[in-house]
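Undergrad: So the chains spell out like this:
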Amino acid sequence: MDVLIAVGVGFGEMTTGGWDKKMLPAKHLIHIEIDPEKIGRNYPTSVGVVGDAKIVLNELAYAVKRKAGIGIAEKVLKRPFDSSDIDSFKATHISVEPDPENTGTLYHPRDLVRDIQKSFPEDTAYFVEIGTVMAWAIRYMVIDKPDSFFVPLGFGGMGYSTAACVGGKLARQIVRWYRCPETAVF
Amino acid sequence: MTGLEVATAADYDVPAIWIVFNNAMHGMIYHGMRSLSPPCPEGISSRFKRVDFAKVGEGLGAIGVKIEKPGGLTPELVQDVIKENRPAIFDIWIDGEILPPFGSRIKLIDKHFG
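Respectively, the protein sequence lines represent chains A and B.
Under the numbering used here, the first residue of the first sequence carries the number 659, and numbering increases by one thereafter.
Under the numbering used here, the first residue of the second sequence carries the number 7, and numbering increases by one thereafter.
No wet-lab data here; the hints were simulated from the structure.
Virtual Cβ for every residue (Gly too), placed ideally from N, Cα, C.
Among these hints, one or two may not hold up.
What the hints assert, rightly or not - The calculated label-pair distances, taken between Cβ atoms and stated as ranges, are:
1) A:Asp743 with B:Glu103: 32 to 42 Å
2) A:Glu780 with B:Lys113: 28 to 38 Å
3) A:Lys679 with B:Gly49: 33 to 43 Å
4) B:Leu114 with A:Lys748: 41 to 51 Å
5) A:Ala749 with B:Ser51: 33 to 43 Å
Stated by the list, open to error - Pulled from the structure, derived: some chain A residues nowhere near chain B, Cβ distances all over 10 Å:
6) Ala664
7) Lys679
8) Val722
9) Gly729
10) Ala731
11) Val791
Unchecked claim - Now the stretches of chain B that chain A is said to cover, found in silico as 3 or more residues with beta-carbon under 8 Å:
12) 23–35
13) 77–87
The shape of chain A in the complex, shown without the other chains (with noise of 0.2 Å):
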């Protein structure tokens, strides 16, 4: 890999296997991330841009527009997407089934965290918590949706995700609120 364009990664720990050295591009790192602590703290960085991703990202589409001129932009941006690399690994992913050498009295934390996702609604936002829980979520939990997944990497604060969920649901059930005044509960 010469280049990789990161967006919106801190290169955590739990994230880099250890910040492994086969996450570093041959030549050039650039990492578009809104807290400018993280640019450049676990990982040499080419270059780095602080802001927002969607607005990161529409500029610089913005630019190769102005600098690749209209026709070749469009026909570079507007080029299908192929997911299947990331399709396959999904599949992959999901595909954990129980350990039939599992026959324990209690439950596998692996499998714990598949019927929790099973079990609880697709909209629902996760809060996990810093301990071995963490790492069984983010191991074998599937978080495909924006906003639906908090762990608090940054300093590893314990007891975080314990107060937070409460904050998220209530934020939940106002922005609930705005939308349809008349069928929330709240």
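Chain A is fixed; fit chain B onto it per the hints.
TA: Same frame as chain A, now just chain B:
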């Protein structure tokens, strides 16, 4: 170590739901010590008697659901709890002896402290 936020949620009628992966131990410490080579002697125990968090939750004003057996968490059960529209705690017993998927952490500890 924390958890009184449940009482706050009950006080303000915020129906948040907590799931406790009840392993009766400080799992990061327990597995971290055992995974070192040579393993760190347990010394002051990082395990303790399993706390009944369902009852703790009830005491704090939430619904308490205790699940002791694998497969006990089902969509039907979750729906029943959600319908109550109250804060709730699922206290789910897990097998804490299973090594969590955090191999990189062990490598790092071994490198710097081993």
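Undergrad: Could you run down the list of hints and mark each one as holding or not?
TA: These are the hints, each one checked on the structure:
1. A:Asp743 with B:Glu103: 32 to 42 Å: About 36 Å separates the Cβ atoms of A:Asp743 and B:Glu103, which means 32 to 42 Å holds.
2. A:Glu780 with B:Lys113: 28 to 38 Å: Once the Cβ atoms are compared, 36 Å apart, the range 28 to 38 Å for B:Lys113 and A:Glu780 holds.
3. A:Lys679 with B:Gly49: 33 to 43 Å: For A:Lys679 and B:Gly49 the Cβ distance comes to about 34 Å; the hint holds.
4. B:Leu114 with A:Lys748: 41 to 51 Å: At roughly 28 Å between Cβ atoms, A:Lys748 and B:Leu114 fall outside 41 to 51 Å, so the hint is violated.
5. A:Ala749 with B:Ser51: 33 to 43 Å: holds, 42 Å
6. Ala664: Holds, since 18 Å exceeds 10 Å.
7. Lys679: holds, 12 Å
8. Val722: holds, 36 Å
9. Gly729: holds, 46 Å
10. Ala731: holds, 40 Å
11. Val791: Not fine: 5 Å to the nearest Cβ puts A:Val791 too close to chain B.
12. 23–35: holds (count 8)
13. 77–87: holds (count 7)
Comparing the model with each numbered hint stated earlier shows that hints 4, 11 do not hold.
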